[in-house]
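> Now for the letters of each chain:
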Amino acid sequence: MPPLIEMRAIERTYVMGDNLVRALRGVDLTIEQGASIAIMGTSGSGKSTLMNIMGCLDQPTKGNYLLHGRDVARLSRAQLADVRGRMIGFVFQSFNLLSRTSALENVEMPLMYQGVGAGERHRRAMAALERVNLKGREDHHPNQLSGGQQQRVAIARALVTEAPVIMADEPTGNLDTKTSYEVMAILQGIVAQGKTVILVTHESDIAAYAQRVITLRDGLIIDDRKQTPLTPPPPEKHDQEAA
Amino acid sequence: MSIFATLKLALRALWRNKVRSLLTMLGIVFGIGAVIAMVAGGQGAQAAVKEVFQSLGTNVLVVSNNSMRQGGPSQGAGGGAALTWEDLRRLEQESLPTVRYIAPVLETRTQLVSEGGNWATSVSGTTATWFKIRNWDVEQGASFDEDTGNSNAKVAVIGKTVAAQLFPNENPIGQVIRISGQPYEVLGVLTSKGQGPRGDNDDTVIIPLNAYKQKLSRDGGAKYLKGQILVSMMEDDQAETTMQKLTELLRDWHKLDAKDDDDFRIRNPAEFAKAQQDSTERIATLLAIVAAVSLFVGGIGVMNIMLVSVIERTREIGIRMAVGAKPVDVMTQFLVESLALAAVGGLLGLGLGYVSAQYMADYFGWKMFFPATTAAVAFAVAGGVGVVFGLYPAIRASQLDPITALRYET
Ligand SMILES: Nc1ncnc2c1ncn2[C@@H]1O[C@H](COP(=O)(O)OP(=O)(O)OP(=O)(O)O)[C@@H](O)[C@H]1O
Ligand SMILES: [Mg+2]
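If you're matching them up, the sequences are chains F and H in order.
Going by numbering that gives the first Met the number 0, the letters in the first sequence line up with residues 0 to 242, in that order.
Going by numbering that gives the first Met the number 0, the letters in the second sequence line up with residues 0 to 409, in that order.
Be a bit skeptical, because a hint or two may be false.
[As the list claims (entries may be wrong)] Taking lysine to aspartate or glutamate and the DMTMM-like style, the derived pairs with C-alpha atoms no more than 20 Å apart in a straight line are:
(1) H:131 - H:236
(2) H:7 - F:138
(3) H:7 - F:104
(4) H:192 - H:50
(5) H:7 - F:119
(6) F:61 - F:5
(7) H:244 - H:259
(8) H:131 - H:146
(9) H:212 - H:145
(10) F:61 - H:259
It should be emphasised that the hints constitute simulated quantities derived from the structure, not laboratory data.
Every value quoted in this text rests on a predicted model; they were computed, and no experiment measured them.
Required output: the full structure, derived from the provided sequences and hints.
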């Protein structure tokens, strides 16, 4: 079984007029399945760039990237979309939910592109919402939900396809500490089920919940260590449902 | 993604911007409406023109004196006329194989007087054959038989308009009208033929040829035939050959040299009808083109709005791509949206076209045409407009880079 992610000498250069911005300058990285990984680093160190390449949202300028042993560079746009849909669930800092669309429909959306029938879509989306403790909120639109609730909808959307990898770019960046713990608890639960969670953060107390911490600086990995993850405090019962 | 789900998505997106969708749709509505109205109107107008010329009798040649020569230097005893009664007699004798009927017509405008009224109209003197050539029957009473037609009996067959003017409240049959002071008994009233190329066909009075010659011709109809000879043909396609043969005979009888111009004129009203119809058709085509241009403009409106919509929803596109939407999914989504926009517009346009065609038909007194094929084609065109003008925005949407789209700030 090939490793989940295998990167060799990955470079990513942005052309800004006459300037070249070298966001990644040769990254080697191997990630096995079933781990929780935190990617850390200062602002502008290339964390998001790396994650976007890992998530097949972006392509490296140079280097090889094998996802499950498949060379991503050879895939067409449509195949990349398919890989994203089936293999990866994204969670973004700014939630990126469709506005004026119910929580349920937001969660159902990835299944639509996999051709899942309406009945099954509904069933699976409801189950995913239940897993993030949002039962009863399925008809709410994003503007009727709190930030933490919106992020949980986004996590449900990432979970609904049963993708083996969840990639989260600063998922707690827009949330207060208490809500951040809720989100982290959910993500740890996902790891416990054998999935891989890769999360970008610049807060070390968030990175403390991961089994492995990779640190970037100026587009290079400067540190890569394993650790025993913390467990977030259990969510207080009363803030669970102040619906 | 299933087409049903895509359609639902599209309709929902359109519904979210109700006013905008409606305004965009209006371009298509008016475009399709105009095309339908113009095509239906064109057909109505052409049918009307056709009807007018059919009232002349369809398979007829009209031989007349060459009006160009009237008042010219060659004006002789005939007062500009060159056709003679002798010509008519010889023509009848000739019995050309392509000729079915021949009838002379003399015509003048004069005053009619009845007990109840006064009316100026055209009075024609002719034979019974004329009714056959014009394919014109009486609605009431009788027309003349052969004998009456060739006699100088003081009888008349009148058109509906004349009947209405002179005998508004009575049965005209058996009544007396005075034509240039002479009393004529009304034998019959002709069926209505409506409008002809020279106006109201029904504003006419027909009297026997010899009565006309004696009472209305200034010279008593001695030598020259100061009117027309109607010649009808056996078959539809014999106009050309018959015209040639007649020209040949008349030139011979009139002793014209090869370098002389004809001193008579042979017209084929069917050709007039054709010319008239052609010009109506040209106008109809022109209007249809203008309508098509407005449909095109409507299509550009669709394209414009779809481009705006793609930009507004860049972020949405990015999100969809991130969770697995393929370029073709995104493209279909926008294409179905513009198609739905155009299709609904097309349907409303069909309604508008129908109503305007009906209105025009009423207003101009045409027959109402709403050909199913035109409607079907117009609807298909509306759909086509949606696809064609939606294609570019849809392709643009599908080509967006997921990262750029996700980062897009609205
Ligand atoms: N689309 C782009 N065009 C040009 N330069 C870019 C683009 N995206 C990122 N960069 C540059 O690449 C470098 C790395 O950016 P990246 O977003 O990966 O940083 P980051 O580690 O995620 O930072 P932050 O913690 O602030 O999110 C930065 O210098 C940034 O300016
Ligand atoms: Mg970042």
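> Now tell me if each hint is right for this structure.
Going down the list of hints, with the structure as the test:
Taken as a hint, the residue 131 of chain H and residue 236 of chain H pair is honoured in the structure, with Cα atoms around 19 Å apart against an allowance of 20 Å. The suggested pairing of residue 7 of chain H with residue 138 of chain F holds, with an alpha-carbon distance near 17 Å, which does not exceed 20 Å. Between the alpha carbons of residue 7 of chain H and residue 104 of chain F the distance comes to roughly 12 Å, so the proposed pair stays at or under 20 Å and holds. The straight-line distance between the Cα atoms of residue 192 of chain H and residue 50 of chain H is roughly 9 Å, inside the 20 Å bound, and the hint therefore holds.
In summary, the hint linking residue 7 of chain H to residue 119 of chain F is supported, as the alpha carbons are separated by about 18 Å, within the 20 Å threshold. Distance hint between residue 61 of chain F and residue 5 of chain F is fulfilled; the C-alpha atoms sit about 14 Å from each other, no more than 20 Å. Proximity of residue 244 of chain H to residue 259 of chain H is assessed by CA-CA distance (about 17 Å); at most 20 Å being required, the pair is judged to hold. Simply put, residue 131 of chain H and residue 146 of chain H have alpha-carbon atoms about 15 Å apart, close enough for the 20 Å limit, and the pair holds.
Note on residue 212 of chain H and residue 145 of chain H: the hinted pairing holds, with a Cα-Cα distance of about 17 Å set against a maximum of 20 Å. Between the alpha carbons of residue 61 of chain F and residue 259 of chain H the distance comes to roughly 95 Å, so the proposed pair goes past 20 Å and is violated.
Taken one by one, the earlier hints fail for this structure only at number 10.
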